[in-house]
Amino acid sequence: MGQRDELIDLLVSVSHGDQKAFERLYRQTSPRLFSVCLHVLYQRELAEEVLQEAYVRIWHRAADYHPGHGSAMAWMCSIARHRAIDVVRQRGRRPDGDDGLVELLVSADDGPMDLSAVAQENRRLADCMERLSPDQQRSIVLSFLHGFTHAELGRQLKRPLGTGKSWIRRGLESLRRCLAE
Amino acid sequence: MNDRTQKLDDELAAAYVLGTMTGRTRLRFERRMQREQELRERVLGWQRHFDALHALLPERRPTERVWLGILARINMAGRSEAEVGIREKLGASIRVWRTLALAGAVGVAALLVFQPMMMPPDPPPAPVEVPSADYLAVLSGEGGRQHWMLAAQEAEQRLRITAVEPLETLPDQDYELWLLPPEEDPVPRSMGLLPRVGDRTISLAEEDLQDLRQAGAFAVSIEPEGGSPTGAPTGEVVLVAPVLPF
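Residue numbers (numbering that gives the first Met the number 0), protein chains in the order written: chain A, 0 to 180; chain B, 0 to 245.
If we strip away everything but chain A, and leave its shape as in the complex, we get:
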């Protein structure tokens, strides 16, 4: 059985209140979800707090998952990411956060990104992302994974506010066209 199916089975058991299945689900998925929280929050302790909330939510909402909404892993990551972004929006991002914790995925002068991991989850998205310029790819990925606003993105890429903004706008425009094909 592939990891995908196994996660779905575990979610089904969790929706029936099976704590053992919940622990297996946690062991398999928490390193990824923790990384999701760290990349938004930059602080280990806060990220652990949010991770905990995310799993309490997953425990209570497992029955809401539907395979039509994407992979089980993606669904769970999305719960963690939303919770983390809510926290950042409420408290603001702490500039003195522990940057060392976060491996920035791409730096400002990288070439095209390696999207093979994305392709395993969503072939079509990866294909369409490949067609974007490296700048557009980076802007979209960084905004999504770090929860950056346009201003934060500009600071991160060391470019004026408008540059990051237009990379994103044009990137999303081509993505939309490509995904609609």
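For the record, the hints were derived by calculation from the structure and aren't laboratory data.
Being a predicted model, the structure only gives us computed values, none of them experimental.
All C-beta atoms, glycine included, are put in the ideal place defined by N, C-alpha and C.
Certain hints may be false.
Unchecked claim - Reference listing, derived: stretches of chain B covered by chain A, where coverage requires no fewer than 3 residues with Cβ under 8 Å from a Cβ of chain A: (1) 7–15; (2) 42–49.
As the list claims (entries may be wrong) - Straight-line C-alpha distance at most 20 Å; calculated DMTMM-like pairs for lysine to aspartate or glutamate: (3) A:K164 - B:E10; (4) A:K19 - A:E5; (5) A:K164 - B:E141; (6) A:K19 - B:E141; (7) B:K6 - A:E172; (8) A:K19 - A:D8; (9) A:K19 - B:E10; (10) A:K157 - A:D134; (11) B:K6 - A:E180.
Once you have looked at the hints, place chain B on chain A.
This is chain B only, laid out in the frame that chain A set:
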């Protein structure tokens, strides 16, 4: 709706999911989403796509206390339910226990063995320490089977741990007991190893009593023989029980 508006809405939905849409624009967009089914579907579509980007992240392992905190919280949420369940199960026995305690007759283990209906008019002579517990926790597992029982006495600052039907261990393993303070993110404190037979009494620090008063919880983890080498749980957490004032 014409093509141009559709295209615009689709790009707005993408910016919304990406998170680059902020402030008032975001609020306005969320209000529209509440009214417009089509907009919600666009958002969901982008969400499905962008969620795949999480696959780019390197994995990072959180510390074990996250899991313990989650366990404590999902068990707390069911706490009133669990409490009712445990009380119902034990209710009659607890009354018997209290009566017998007054009469100075029967120990903790006996309480769990006797069903009240089957109580003979004269309880048989049994181990005789008068249990006067202020707090109680029952470590029970699948099918409500009770494995260990914990009874704390405030005045004596003691915790009596009784093996009722202990879980089986492999030869090189032990079950270790942890006290979880009633906090959002509890740091578990070791209460030592659980007895395989009979009972064990340990003394409680003021800090422990305070956590019992404020409704903490107990947890049991599987550890290498002799207990956790790190001072924090290292193995699977197999049982959790809320502390009940008694």
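Here is how each hint holds up against the structure:
1. Check result for the segment 7–15 of chain B against chain A: holds, 4 residues qualifying (beta carbon to beta carbon below 8 Å, three or more required).
2. Counting residues of the segment 42–49 of chain B whose CB lies closer than 8 Å to any CB of chain A gives 5, which reaches the minimum of 3, so the coverage claim holds.
3. Distance hint between A:K164 and B:E10 is fulfilled; the C-alpha atoms sit about 13 Å from each other, no more than 20 Å.
4. This hinted pair checks out: A:K19 and A:E5 have alpha carbons roughly 14 Å apart, not beyond 20 Å.
5. The suggested pairing of A:K164 with B:E141 is violated, with an alpha-carbon distance near 55 Å, which exceeds 20 Å.
6. Distance hint between A:K19 and B:E141 is fulfilled; the C-alpha atoms sit about 10 Å from each other, no more than 20 Å.
7. Restraint check: the Cα-Cα separation between B:K6 and A:E172 comes to about 9 Å, which is no more than 20 Å; the hinted pair holds.
8. Under the criterion of a C-alpha separation no larger than 20 Å, the hint pairing A:K19 with A:D8 is consistent with the structure, at around 13 Å.
9. In summary, the hint linking A:K19 to B:E10 is not supported, as the alpha carbons are separated by about 42 Å, beyond the 20 Å threshold.
10. For a cut-off of 20 Å, the pair hint linking A:K157 to A:D134 stands: about 12 Å separates their Cα positions.
11. This hinted pair checks out: B:K6 and A:E180 have alpha carbons roughly 14 Å apart, not beyond 20 Å.
Violated hints, listed in ascending order, are 5, 9; each of the other numbered hints is respected by the structure.
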